[in-house]
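Top line first, the protein sequences correspond to chains A and B.
Taking the working numbering, the leading residue of the first sequence gets 1, the next gets one more, and so forth.
Taking the working numbering, the leading residue of the second sequence gets 1001, the next gets one more, and so forth.
It is worth saying that the hints were derived from the structure and are not from the lab.
All C-beta atoms in this analysis are idealised placements derived from N, C-alpha and C, irrespective of residue type, glycine included.
Any given hint might turn out to be false.
Unchecked claim - Here chain A is said to cover these stretches of chain B; the calculated rule only asks that three of the stretch's residues, wherever they fall, bring their Cβ under 8 angstroms from a Cβ of chain A: (1) 1002-1015; (2) 1021-1034; (3) 1047-1059.
Residue-level listing of the chains:
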Amino acid sequence: MIDEQTIIKNIINGDVESFRLLVERYQKPVIRMIGNIVNDRHICEDIAQDVFFTAYRKLKTFNNERSSFSTWLFTIARNKSLNAIKKKKLIAIDDNIEISAGKNSPDILEQQEFLNELDRHLHSLPKNQKTVFVLAEFEKLPYEQIAQIENVRVTTVRTRLHRAKRKLAKALRLDWEI
Amino acid sequence: MDKKKLYELWIEKKHQVEINKSFPDKVMGRVYEYERRPRWFDIPRLIEIISVHTIIKNGLVVIGALVGFIRVIYVITMVLSKGVLNG
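Model the full structure from these sequences, guided by the hints.
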């Protein structure tokens, strides 16, 4: 695997096709992260395209001493996702998780309702708590990297995550800590 | 299934993603289209060039300051010459 800095240097020196390597490497986490923030799979690919295109145009401004490429890319993705929510006021929940077997049994319906509730409450969290929750719980990013993406201190990340989890647990009347 | 297990299932499902195989091609299509555009009449590109090079940025600030200064001098001269004519 070619190292990232070499790929970036090659792109800046005019090897446009090398950018495909970065797209292929990061498409999965970027699309997933956007999908989990905007909660609309129909527009998340368009936003992801925008994210990579912006990254290509601004590649010369990327400074690897300030952050890693993935942190820089995730920051673009986070900002574009929040802008999309602001513009379209996305509230539709179309990405419901389905439990496969026996859809009509009361147990399954209850479980399905619980998953839908989780989705609803996640998307009703304040923006900054939601993005931290998505980055920490779904993307499994370290707190230090989340702090860089959110441009806040690590302690703020911990606080936001704790508040988000507490709100979810309270809203869902859970008797255990998330 | 208890709620704890359901919560874990939710986290697990949120970590899965389906990606359109043509996604990299779509991005590269936009990139190549962007590269084919005429360079010097492309405003976003001009802004990028300006924001990347400190010398160009500083040069523009100096030119702006000079133009402003000349305009102020011009206005003062106009006011003074009218004042002199009226007085």
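Determine which of the earlier numbered hints do not hold for this structure and return their numbers in increasing order. none
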